[in-house]
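K.L.:
For reference, the chains in residue letters:
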Amino acid sequence: DVKVTQSSRYLVKRTGEKVFLECVQDMDHENMFWYRQDPGLGLRLIYFSYDVKMKEKGDIPEGYSVSREKKERFSLILESASTNQTSMYLCASSLSRTGGTYGYTFGSGTRLTVV
Amino acid sequence: GNSVTQMEGPVTLSEEAFLTINCTYTATGYPSLFWYVQYPGEGLQLLLKATKADDKGSNKGFEATYRKETTSFHLEKGSVQVSDSAVYFCALNLPTGGGNKLTFGTGTQLKVEL
Chain A
428 DVKVTQSSRY LVKRTGEKVF LECVQDMDHE NMFWYRQDPG LGLRLIYFSY DVKMKEKGDI
488 PEGYSVSREK KERFSLILES ASTNQTSMYL CASSLSRTGG TYGYTFGSGT RLTVV
Chain B
69 GNSVTQMEGP VTLSEEAFLT INCTYTATGY PSLFWYVQYP GEGLQLLLKA TKADDKGSNK
129 GFEATYRKET TSFHLEKGSV QVSDSAVYFC ALNLPTGGGN KLTFGTGTQL KVEL
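Going line by line, the protein sequences match chains A and B.
To convert a position in the first sequence, counted from 1, into the numbering used here, add 427.
To convert a position in the second sequence, counted from 1, into the numbering used here, add 68.
In case anyone wonders, no lab produced these hints; they're calculated from the structure.
Ideal Cβ positions, reconstructed from N, Cα and C, are used throughout, including at glycine.
Incorrect hints may appear among the rest.
To be verified - Calculated lysine-lysine pairs in the DSS-like style (CA-CA distance at most 30 Å, straight line):
(1) B:120 - A:484
(2) A:430 - B:145
(3) A:440 - A:430
(4) B:128 - A:430
(5) A:445 - A:484
(6) A:445 - A:482
(7) A:430 - B:120
(8) B:124 - A:430
(9) B:179 - A:430
Unchecked claim - If the Cβ cut is set under 7 Å, some of the chain A residues that face chain B in the computed set are:
(10) 466
(11) 469
(12) 470
(13) 488
(14) 515
(15) 533
(16) 534
(17) 535
What the hints assert, rightly or not - Quick list of simulated restraints, FRET-style, between CB atoms:
(18) B:135 - A:542: 40 to 48 Å
(19) B:78 - A:437: 21 to 29 Å
(20) B:113 - A:542: 26 to 34 Å
From just these sequences and the hints, can you work out the full model?
P.N.:
Below, the structure written as structure tokens:
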């Protein structure tokens, strides 16, 4: 089975800190995604990547950046954490660039609290 | 743009009751459709999918049929169990020049009681 591993299940950070959320997948997937999940809002796409060193903005990129130096790793960076970034963060990967018939494999999520 | 609309939750049912969670979509073209499930404290897992009109996806007793004429993909299960308590997300995927981004609904929480 494909595994998507997020490095932390729970994180507590202070306002203004630079925060790194790490995600690793082990099945050579081209595509990787970062979402945040908030009650009543569902999943919102922050950034995604189709290849190494490639990134594209999703629906809510403000306050975030990403890094993909290796195919298996996709990092989400909160440049200066704020309390409104308290959320559940979900990483996902998928195999196919086109076709649309493949779903995603998700990690278990990182619940980030900014105090 | 593409969008997915799900029924509001929470849905509360007794064990062995019949489940329907409604999902309708708006999309230009012919999307693939998915249902994901999220158990408490976990990430999302793919439950079932359908890639063309009239396809039926099924898994773990859950079913959903891709209805192009009504742009719907309703999730059903004949007899729910307490272990089915989770949040269910409907999603669509349209292949574009930029790849296969999923568009999700807001999720429907299901609570099954004894």
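K.L.:
Could you check the structure against the hints above and give me the numbers of any it violates, in ascending order?
P.N.:
Hints 10, 13 and 14 are the ones this structure does not satisfy, whereas the remaining hints hold.
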